[in-house]
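Asker: Sequence:
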Amino acid sequence: MTLQGIDISNWQAGINLDVLNIDFVICKATQGTGYVSPECDRQMQQAMRRGLLVGVYHYIDGAGVDAEAQHFARSIKGYIGRAIIALDWEDYQNNAWGNTAYLDAIIAKVKQITGVTPLVYSSASVFPWDVSRKHNCGNWVAQYANMNPTGLQNSPWNEGAYSCAIRQYASTGRLDGWVGNLDLNKAYMDAEQWQRYAAVNGEQVQPVPTTSKPATGVESMDLLDLVAGVFRGDYGDGDSRRAKLGGRYNAVQSMVNHICSASAEELARETWAGKYRNGSERKAVLAHRYDEVMSVINSNVSAGRTYTVKPGDTLSRIAAKYGTTYVDIAAKNGIADPNRIYTGQRLIV
178 MTLQGIDISN WQAGINLDVL NIDFVICKAT QGTGYVSPEC DRQMQQAMRR GLLVGVYHYI
238 DGAGVDAEAQ HFARSIKGYI GRAIIALDWE DYQNNAWGNT AYLDAIIAKV KQITGVTPLV
298 YSSASVFPWD VSRKHNCGNW VAQYANMNPT GLQNSPWNEG AYSCAIRQYA STGRLDGWVG
358 NLDLNKAYMD AEQWQRYAAV NGEQVQPVPT TSKPATGVES MDLLDLVAGV FRGDYGDGDS
418 RRAKLGGRYN AVQSMVNHIC SASAEELARE TWAGKYRNGS ERKAVLAHRY DEVMSVINSN
478 VSAGRTYTVK PGDTLSRIAA KYGTTYVDIA AKNGIADPNR IYTGQRLIV
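Per my numbering, the very first residue in the sequence shown carries number 178; after that it's consecutive.
What the hints contain is simulated information worked out from the structure, not anything from laboratory work. One should not assume that every hint holds.
[Stated by the list, open to error] DSS-like, lysine-lysine: derived pairs with alpha carbons at most 27 Å apart: (1) 452 / 487; (2) 286 / 254; (3) 390 / 421; (4) 311 / 288; (5) 487 / 498; (6) 421 / 452; (7) 460 / 498; (8) 421 / 460; (9) 498 / 509; (10) 509 / 452; (11) 390 / 311; (12) 509 / 421; (13) 487 / 286; (14) 487 / 509; (15) 254 / 487; (16) 286 / 311.
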């Protein structure tokens, strides 16, 4: 028995899990000692309402074993015992990379705090097999045949070359219901085994949830997916578009009109604030305005008028550094709540 699913983060903000034909989803919860994905709770709650199997993961950045483990555990306390938990071990933005003693220590600390043995995620070429084996962790291995777009695969490339609980076989996955890339995964277990991985030591395993079928039709689709579809011509024009979009027509058409008529500067501010996603997804949503908007964004980058948020930053501190006000930065970036910024976010200052 195997399962098919995805892992997601704030890069997939707004994704509608109700429409995807999957068995499970693993959501990024935290990174380092300060970052919490603003999308994690919404994604997890929607997944659990639908009855999907779920997981949460922490991206290790080397900021301190105890602090990272405590931050992760605090952030996922409502999911402990209900979701697989995993530790993401990669070289990017990880000051502890190469120090497997750090990984060894954080696995032990997470086990101590949560009572759950985490899975370890890493690339096949550098996978810390010995450390994972020492703690009896499930192995979540990333290895891709290529970077070509693909759907779900029953037999991923190089399958069987090593033993793993989950195999991430693509980062360019495409599923109906989402306009951009997704990380695709195959789990070599059934739903009961998944729940055993999630269980707290010594406590009862949670029953397998009843999964509803993917929702169909525009009523359940994400607004930006529908907007991208309009720009592609999927829904026609005029009365034809109104009929196909039904009750979603007004909201979708309002967004389409805004993208068509707003200034490039306004769209750039909204893009910086995360309104229009990233990469190929952003290009699909902004359609014919994409190049114009990106020109504004890139000119700001070239002029050095951007700042990348670091752990512990506040808008007030950033504003003081650049001789401006937090109100001005919030306005430039379309930030509604100046108390909510996140590590890695790029701001126009």
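Asker: Which earlier hints turn out false for this structure, listed by number in ascending order?
Answerer: 7, 11, 12
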